[in-house]
Structures are given as C-alpha cells and as structure tokens.
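Working from the sequences, and respecting the hints, build out all of it.
FYI, in the working numbering the residues of the sequence shown are 487 to 676.
Rather than coming from a laboratory, the hints here were simulated on the basis of the structure. Computed from a prediction, not measured in an experiment: that's the story for all the values here. Be aware that a few hints might be false.
[As the list claims (entries may be wrong)] With a straight-line Cα cutoff of 30 Å, these simulated DSSO-like cross-link-like pairs (lysine-lysine) come out:
{"id": "1", "residue 1": "Lys589", "residue 2": "Lys651"}
{"id": "2", "residue 1": "Lys653", "residue 2": "Lys589"}
{"id": "3", "residue 1": "Lys650", "residue 2": "Lys589"}
{"id": "4", "residue 1": "Lys589", "residue 2": "Lys535"}
{"id": "5", "residue 1": "Lys589", "residue 2": "Lys657"}
{"id": "6", "residue 1": "Lys657", "residue 2": "Lys535"}
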Amino acid sequence: MKCLALRSVAIAGFVLAANTGLAQEATVDVSAVSGMVVAPVDGDIYRYKAVLVDNRNGGDDLYIFTDSGDGWQQAVYARDIAWRGGMYGQEPWIEVTQSGSLKLYSENSSIGRGRWEQILTIAYRDNVFKVAGYTISYYDTLDPDAAGQCDVNLLTGNGVHNDKKFKTNFKALPVAEWTMDTRPAECAQD
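Encoded structure:
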C-alpha cells in the first residue's frame with residue numbers, strides 16, 4: 487500500500503501540464519522517465535528542469551520547465567528528440583555541464599555492426615533553448631576503417647568532420663524543432 491501511494495505521488499509529480507500552450511496536458515508514467523536534471527541559469531530565468539521521457543514509440547521526448555521566481559512553467563516540448571532502442575546500450579540520457587548547458591546523449595553501442603553515439607548540447611540563448619552543438623561518433627564493428635566523428639558548434643557554424651574543418655549554414659534550432667533525424671548535412675557518415 488505504501489509503494490502504491492509513493493508511485494501515485496511520483497506520477498502526480500510528473501504531470502506535465504502546459505500552461506504556455508506549447509502542448510496539451512500530458513501525464514507521464516513515472517516508469518517512462520529516462521532522466522531528470524535541474525540547473526541554474528543566468529538571465530531572465532533562475533533555473534530550468536529537463537525531463538527526458540521514453541515515448542514508447544522508439545524515441546524519447548524532452549520537456550524543459552523554467553522557473554523565474556513564480557514556479558515552474560513549461561518552456562519546451564520536443565517530441566522524438568532522441569532515438570531509443572529496446573535494450574541496454576540503446577537508451578538515451580541527459581546531464582548538465584559546468585556551464586549549465588544540457589547534454590542529451592543517444593547511442594547504439596550494443597546491436598549490429600553500425601555503432602554510434604550522438605550528443606546534443608542544448609543552451610539557453612536569447613531567451614530560447616537551442617540545440618547549440620551536435621556531435622556524432624560512429625564505427626563499424628567489422629571494418630576498422632569505417633569510423634568517424636563530426637562535431638559542430640551550431641552557434642558559430644564551425645565544425646570538424648574526421649579532422650577536416652568546415653563551415654555550415656545549418657544554424658542552432660530551437661529544441662522543439664529538433665528530432666532524432668535532424669543533423670547537419672556535413673556530418674553524413676562516409
């Protein structure tokens with residue numbers, strides 16, 4: 487009975503109601519929560535809370551809430567921002583950097599020949615949460631020459647793909663506009 491009460495409280499704690507009109511009211515089963523972080527921010531908000539949720543459809547959704555001193559308000563809903571497989575080594579996660587940016591990791595490090603890790607760096611700029619950086623590393627488990635890495639600062643457009651520098655016109659997008667299929671063309675695997 488105590489466990490059921492705690493589960494109900496936990497689920498009630500993750501009722502993600504959109505007071506800003508960004509999404510319909512959503513209730514998230516606590517077992518679907520992949521991760522949650524809270525970080526301070528300088529500027530017009532004091533802190534943000536990021537909640538990564540398994541959408542049970544092969545992806546994870548990201549909710550970001552902000553607190554400007556008057557309680558938590560939903561600022562972002564990004565559907566299918568990260569790929570999710572069905573087993574260990576295919577589960578996305580989030581963490582906060584020392585500077586307060588959010589890093590969202592997704593990977594396939596467990597199945598098939600094509601292994602990869604993708605990192606989205608999310609930063610609060612100009613009063614908007616944006617995907618400010620994109621990094622992908624990939625390799626083939628049977629072909630040691632089929633490997634690479636691409637890292638792009640989407641705020642400046644400067645990037646490096648397999649030790650070759652490039653400049654992209656692909657700019658930092660608001661987080662809600664990014665999906666698991668979004669990436670700069672310059673980062674296509676060789």
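Evaluation of the provided hints:
| no. | hint | verdict |
| --- | --- | --- |
| 1 | Lys589 x Lys651 | holds, 23 Å |
| 2 | Lys653 x Lys589 | holds, 22 Å |
| 3 | Lys650 x Lys589 | holds, 24 Å |
| 4 | Lys589 x Lys535 | holds, 13 Å |
| 5 | Lys589 x Lys657 | holds, 18 Å |
| 6 | Lys657 x Lys535 | holds, 24 Å |
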